[in-house]
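*Asks:* Listed here are the chains, written in short residue letters.
There are 2 protein chains.
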Amino acid sequence: MATEMPIEVLNVPTPSFLVDIDKLERNARAMQDRCKHLGIQLRPHTKTHKTIEAADILCGGQKRCIAVSTLAEADLYSDNGFDDILFAFVITENKIVRCRQLHNKIGAFHVMLDSKVGYEALEKSPTGNGKPWSVYIEIDVKYHRTGVSWQSDDIVNLASLISGNNGMTFRGLYCHNGDTYNYIGSEAIKEAGRESTEILMKVKQRLLQHSINCGVVCMGSTPSCSHPDESMSLLEEFSPGNYVFYDVMQKNIGSCSMDDIAGRVATRVISQNVDHNILIIDCGFLAISKDGMENNLPKSPWIIQDNPNLRLVGMSQELGKVTTVEGKVDFAKYPIGTMLFIYPYHSCATAAMHPVYYVHSGDKIMAMWRPIRGW
Amino acid sequence: MATEMPIEVLNVPTPSFLVDIDKLERNARAMQDRCKHLGIQLRPHTKTHKTIEAADILCGGQKRCIAVSTLAEADLYSDNGFDDILFAFVITENKIVRCRQLHNKIGAFHVMLDSKVGYEALEKSPTGNGKPWSVYIEIDVKYHRTGVSWQSDDIVNLASLISGNNGMTFRGLYCHNGDTYNYIGSEAIKEAGRESTEILMKVKQRLLQHSINCGVVCMGSTPSCSHPDESMSLLEEFSPGNYVFYDVMQKNIGSCSMDDIAGRVATRVISQNVDHNILIIDCGFLAISKDGMENNLPKSPWIIQDNPNLRLVGMSQELGKVTTVEGKVDFAKYPIGTMLFIYPYHSCATAAMHPVYYVHSGDKIMAMWRPIRGW
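So the sequence lines, in the order shown, correspond to chains A and B. Taking numbering that gives the first Met the number 0 as reference, the numbering of the first sequence is continuous, increasing by one, and the terminal residue is 374. Taking numbering that gives the first Met the number 0 as reference, the numbering of the second sequence is continuous, increasing by one, and the terminal residue is 374.
Calculated from the structure, these hints are not laboratory results. Among these hints, one or two may not hold up.
Because identical chains cannot be distinguished in the list, a pair is counted as satisfied if it fits within a single copy or across any two copies.
Taking lysine-lysine and the DSBU-like style, the derived pairs with C-alpha atoms no more than 35 angstroms apart in a straight line are [as the list claims (entries may be wrong)]:
| id | residue 1 | residue 2 |
| --- | --- | --- |
| 1 | LYS123 | LYS332 |
| 2 | LYS141 | LYS332 |
| 3 | LYS298 | LYS141 |
| 4 | LYS104 | LYS363 |
| 5 | LYS35 | LYS104 |
| 6 | LYS298 | LYS250 |
| 7 | LYS363 | LYS332 |
| 8 | LYS363 | LYS35 |
Okay, chain A solo, but in the shape it has when bound (with noise of 0.2 angstroms):
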């Protein structure tokens, strides 16, 4: 692999996968106003970046306050001075001896659970340094995926036996919103925040019947928390990850523009098919990932940037075809050798399949910076 850092952005080797520096900074700066000025702690996801640098930058220098996807996240990020992690992750018996690791190795490791069987596994694994567990219960609103559904008399059941056990502090709720992604544009995006805040206020309320106070309610998701309604000052925690990069997806839900995307994939013209009208670029499905090609064809998801014309058809595994959207390529303007750069349709998908990114400022790389993997 390449290990020394080249000068220029047209002088990296293909495929990469570039971070704008100075985008990714915007979009962080943008996140923190928009939680100061709505009152709430912002709990930057690491799973799209998944770096050291980035998380500083999400953090505003004070490494603290985070959710993380993997284990692997919550090791790295604990071994290089951040504190305050929550692992974003239902909790199962099999990843306990970690998360006890973790829990005592910081000041304050968060769990998350959405059934008694996860409860259950915290109750048999006391952390055994006398401080507590401290646990989220996910929520799910109306995404359908992980978490206890709102309406259910679990949530109650749940924060009870969690409130009632010394070993375990009920630290609150937990929202992947994820079901914004269904709507379009800033309005559409704010009014489903709001349904969901107005959701999960409910929960809350229906715990403090019960004399369970709920201390957090942490809401996710890009798109809500780029255009956050109003009303989700009563929360108390976002905890986006997809607005480091942004990506093509987030543009046409309309969480961002064009230019506030921050990472690219370079590639090059490596070879020209002019008998079936088609460019061959060095960026196969292990530079970007097929995320989203399920849901987008014959319509290509990704877009190249400055070739409105051009559009990637096709992958394997080192290769992409790409052709015209009308009309002959035209093979005198892209010859073999050809720089093009890629926004990604899904940059927390496209991101995880780089050993590293290539961190840019204008046309100069700043730094490479290396991402973990794996569980």
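Following the hints, put chain B in place on chain A, whose structure we already have.
*Replies:* Same frame as chain A, but now just chain B:
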């Protein structure tokens, strides 16, 4: 990341990529036997597994004669005692510096090209060690990706240029016979292999008519090499890759049986969504990849071992949704914590998502292999 080696398959952290070493060794031996029978040199492609250990087995302990898809693979193998490496990816100028390092480092390093631009890039950058570049020309038989069309005069022109250049040796022709992925069953695969061989022999003949000797004709693709037509003994090299693990796609094509598939993803049920008839597993697209999903919906392309009535119908980054083909999920049968094993649709794509492979014989974990990634 978990670093200690678990003792049994049922103890692996989830998600994990499991490699059945007995099946892998059987697949390796079968391909070696096939090549021996036909009198062909096997040049295993490493793109599927990208490990030292599997390459060593596929080479029958010889540590020589492999094909790679990335320079990162070439670096790994040349650093670990492997020799005679073909970088089976059309060369462009930006990759020349690293190719020259590899050329100077090992006894035999081969490059591949499909254009005059590639030729000129090599011409401009002599190897500098008195040993000429060893060059394959990639031929497009009917896959229509990279490669010079087999009907094009460019083949003769390129071969003449290479043969006439003191700094280069014309090694021969390379063909990824990817078209065979469109055939079903061993007879159709054989017929496709026979046709491609016939075409490649015509090209070889055409070169001979121009007094150009084509030393080696190399053909890839796991289907062709798993069911070779006898006429393929006219070739000099086979360079299949996927057969190391095989997968559901190869099973569907007819290259292998279910029992030959040596790679699986281990995952656990982490939540039950009874209202929506869904089991949630800790296998999202970062653990299995979405490759193949675009052509296989609404039917899921993956197979959940021993559970024909279950199918993986959706994924987010770290979560998978499993539901039934017919009827309701038997939630009592799949409590939280239940381990499931998923056969990959495309093992090249799935394996690439994992920093560690858990290698097992029967139920016992024998080793942890760490593949190279990146470019």
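*Asks:* All hints, please: hold or fail.
*Replies:* Now the hints, each set against the structure:
1. LYS123 to LYS332: between (66 angstroms within a copy, 23 angstroms between copies)
2. LYS141 to LYS332: between (48 angstroms within a copy, 26 angstroms between copies)
3. LYS298 to LYS141: The answer is both: 29 angstroms in one copy and 25 angstroms across copies each meet 35 angstroms.
4. LYS104 to LYS363: between (38 angstroms within a copy, 32 angstroms between copies)
5. LYS35 to LYS104: within (30 angstroms within a copy, 57 angstroms between copies)
6. LYS298 to LYS250: Both ways: LYS298 and LYS250 sit 16 angstroms apart in one copy and 29 angstroms across, limit 35 angstroms.
7. LYS363 to LYS332: within (25 angstroms within a copy, 57 angstroms between copies)
8. LYS363 to LYS35: within (32 angstroms within a copy, 53 angstroms between copies)
Hint compliance for this structure: no hint is broken.
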